[in-house]
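One-letter residues, chain by chain:
There are 2 protein chains.
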Amino acid sequence: MTVQPDDTRANAGRIVISVDAMGGDAGPTAVVAGLADSASINPDIGFILHGPEDELRRLVARKKILEGRVDIRHAKDVVTMEDKPSHIMRNGKGTSMWSTLDSVKKGEAAGAVSCGNTGALMALSMLRLRKLPGVNRPAIGVLWPSRNPQGFNVMLDVGADVRADARDLLQYALMGASYARNGLELARPRVGLLNVGTEEHKGHAELKEAHRLITDHADAANFEFVGFVEGSDIPGSVADVIVTDGFTGNVAIKTGEGTASLISDLLREAFKYSPLSRLASVLAYTSLQRLKKRIDPRRVNGGVFLGLNGTVVKSHGGADATGVSAAIKLAFTLAQSGFAQRLAARVASTGTLSQDDSQSAQADDKDNK
Amino acid sequence: MTVQPDDTRANAGRIVISVDAMGGDAGPTAVVAGLADSASINPDIGFILHGPEDELRRLVARKKILEGRVDIRHAKDVVTMEDKPSHIMRNGKGTSMWSTLDSVKKGEAAGAVSCGNTGALMALSMLRLRKLPGVNRPAIGVLWPSRNPQGFNVMLDVGADVRADARDLLQYALMGASYARNGLELARPRVGLLNVGTEEHKGHAELKEAHRLITDHADAANFEFVGFVEGSDIPGSVADVIVTDGFTGNVAIKTGEGTASLISDLLREAFKYSPLSRLASVLAYTSLQRLKKRIDPRRVNGGVFLGLNGTVVKSHGGADATGVSAAIKLAFTLAQSGFAQRLAARVASTGTLSQDDSQSAQADDKDNK
Chain A
1 MTVQPDDTRA NAGRIVISVD AMGGDAGPTA VVAGLADSAS INPDIGFILH GPEDELRRLV
61 ARKKILEGRV DIRHAKDVVT MEDKPSHIMR NGKGTSMWST LDSVKKGEAA GAVSCGNTGA
121 LMALSMLRLR KLPGVNRPAI GVLWPSRNPQ GFNVMLDVGA DVRADARDLL QYALMGASYA
181 RNGLELARPR VGLLNVGTEE HKGHAELKEA HRLITDHADA ANFEFVGFVE GSDIPGSVAD
241 VIVTDGFTGN VAIKTGEGTA SLISDLLREA FKYSPLSRLA SVLAYTSLQR LKKRIDPRRV
301 NGGVFLGLNG TVVKSHGGAD ATGVSAAIKL AFTLAQSGFA QRLAARVAST GTLSQDDSQS
361 AQADDKDNK
Chain B
1 MTVQPDDTRA NAGRIVISVD AMGGDAGPTA VVAGLADSAS INPDIGFILH GPEDELRRLV
61 ARKKILEGRV DIRHAKDVVT MEDKPSHIMR NGKGTSMWST LDSVKKGEAA GAVSCGNTGA
121 LMALSMLRLR KLPGVNRPAI GVLWPSRNPQ GFNVMLDVGA DVRADARDLL QYALMGASYA
181 RNGLELARPR VGLLNVGTEE HKGHAELKEA HRLITDHADA ANFEFVGFVE GSDIPGSVAD
241 VIVTDGFTGN VAIKTGEGTA SLISDLLREA FKYSPLSRLA SVLAYTSLQR LKKRIDPRRV
301 NGGVFLGLNG TVVKSHGGAD ATGVSAAIKL AFTLAQSGFA QRLAARVAST GTLSQDDSQS
361 AQADDKDNK
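Heads up: the sequence lines are chains A and B, in that order. For the first sequence, position 93 matches number 93 in full-length UniProt numbering, and the numbering has no gaps at all. For the second sequence, position 19 matches number 19 in full-length UniProt numbering, and the numbering has no gaps at all.
What the hints contain is simulated information worked out from the structure, not anything from laboratory work. Incorrect hints may appear among the rest.
Note: identical chains are not told apart, hence a pair may lie in one copy or across any two.
[To be verified] DSS-like mimics (lysine-lysine), calculated; alpha carbons at most 25 Å apart, straight line:
no., residue 1, residue 2
1, LYS76, LYS202
2, LYS293, LYS272
3, LYS131, LYS202
4, LYS93, LYS293
5, LYS293, LYS84
6, LYS131, LYS64
7, LYS84, LYS208
8, LYS272, LYS292
9, LYS64, LYS272
Fair warning: this is a prediction, and the values are worked out from it, not measured in the lab.
Make a model of the complete structure from these sequences and hints.
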């Protein structure tokens, strides 16, 4: 590891974000371009950048705005998209991803950003940062374009774990509400539990149990529980936070993304159809750009890992400079609001709810009734 | 029940569809308008219509095109959207829904269409028509706009049952492939199993088992198994049939619908933004209409109940005349192709795969290897 006291001193007073330069589809060039975008917008961000030192030094030197704001840490290995999480947990020590998380663990950075392999990043994050006391399964939360005034809803889990029992879903509700308070500035977020219908008799037994648990904890945790919601409510306006297991959540957001992408392609085709429609597309250009910006997935790039001792933002693997910059901004915003500390306090205040401890969990339920 | 020999005779030579006039949000007026739309396009359809006789007679009399083509059957009760399926199974005998299915059971109609309560319709369908031998859980299959040349993919189950084990998923693959052959005229459909990633190590144990079972049966059942697919592939081009459990499928299609509806509203807003964009929207009118038609959910209105002795099409509860007419067209197309008989033959040919009979199922697997 290369320690660069000059750069670090230069970043004094700045909020430092630890960034993994490797593992994304577009390589370190896109990541460094994203750093430059962020640095030019926000004078209060500094960076620790992880990857092959010589290459990164060259890339950073080309961006004037990054002068004195990037501390480069050498890491020779890269986690690829094909690596199995279990393999990386045993052999990941020399990777840029490991090094990126290490800076958060050591307190040198207020948050981490990586475009790499999601499964490996979650596995290493759990290994290096550890789960918050009381959290059984960490979750990945994303912002999703919605009809709500804030423009986005929080959705979790979108793929940290394919399973979630009733107590995990309660934790997700607590963590999602905390994220909405700090990331979307909603004082009292409305939380919905994803199901196949809004009637209370619908769905798995596990969901009915989760419904009961979340109802019991809503007041103490300062959120409003709106009960069961449906897939159509993910981009809707009845809830600000959508809680579900990582299997369903992952399928749902990918279906939404696929549908949006199909419509956008068909729209482009429609505008190419005739000379008149081509003229229309020229006239509508600014309106369509505005729409595109409103639902541009790059603008809300970044899944936040919730339930760990530290903030980790997973950027989309295919992120370009704009996407990387959005993920950095998210990590910065959460660091600035002291999100990690607030979330830890929130989870701790609802008592121990680990699966192995249903006795104390039941006691906790009673206290909240 | 009112028997009307005159009308029935008039429908000789026509394919008769049994239609529930009640239970939809828009009431019998929209249903009768849908009948009229269908009748004017297709001279080969006749109808048996179920509901309050006097009201239906008045509505039908207003549509010249329906003269001599509608056999009205009196049913005084209606299944509401709030009725629990279990209640309807015990007390549904006087309802228009019951009567609608009865016409299929008795062989008077080649298929049934209802806009009513999905859960009640599935429960009554299972009670009246019975499951096909070898089918454990019937499924609801829908057509979903996609990038494939046929314009649509088949997706199932979208909500007949919130659970599905590996053998149910195999049945869904067989039934979905059969539907794609008869509904979309694909000789050798490509079937994908929905998961959170395409790698074979991903997902629940149940999914890995289903992957193995479907691989073993693909050749004999004359479809191509493309393995695991993701949410983004539901509107994609890597598979023609997407297989999943009813919980995940229901959330996925509702998320897709919600996303499409949000984008369409934002698009409308974008075009209202300035005088220039309003002008653009006028010029782009026909192109946008073409796009709208391509992804209009009313055009593919109708979930088909698969795995029963008879064809039942569930129309969207909020369907208007266009939606009802699309659902009727679907029932007609499937009836014409002898779908119910072909599906029964297909399921029978893969042997008994009930959950209680894993011994014989394993033997069946070996035979197919």
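The hints, checked one at a time:
1. LYS76 / LYS202: Answer is neither; intra-copy 52 Å and inter-copy 28 Å both fail.
2. LYS293 / LYS272: Both: 21 Å inside a copy, 17 Å across copies.
3. LYS131 / LYS202: Only across copies: LYS131 and LYS202 sit 23 Å apart there, 32 Å inside one copy, limit 25 Å.
4. LYS93 / LYS293: neither (39 Å within a copy, 54 Å between copies)
5. LYS293 / LYS84: This pair counts as neither: shortest intra-copy Cα distance 35 Å, inter-copy 44 Å.
6. LYS131 / LYS64: neither (39 Å within a copy, 70 Å between copies)
7. LYS84 / LYS208: Only across copies: LYS84 and LYS208 sit 17 Å apart there, 34 Å inside one copy, limit 25 Å.
8. LYS272 / LYS292: This pair counts as both: shortest intra-copy Cα distance 17 Å, inter-copy 15 Å.
9. LYS64 / LYS272: neither (41 Å within a copy, 42 Å between copies)
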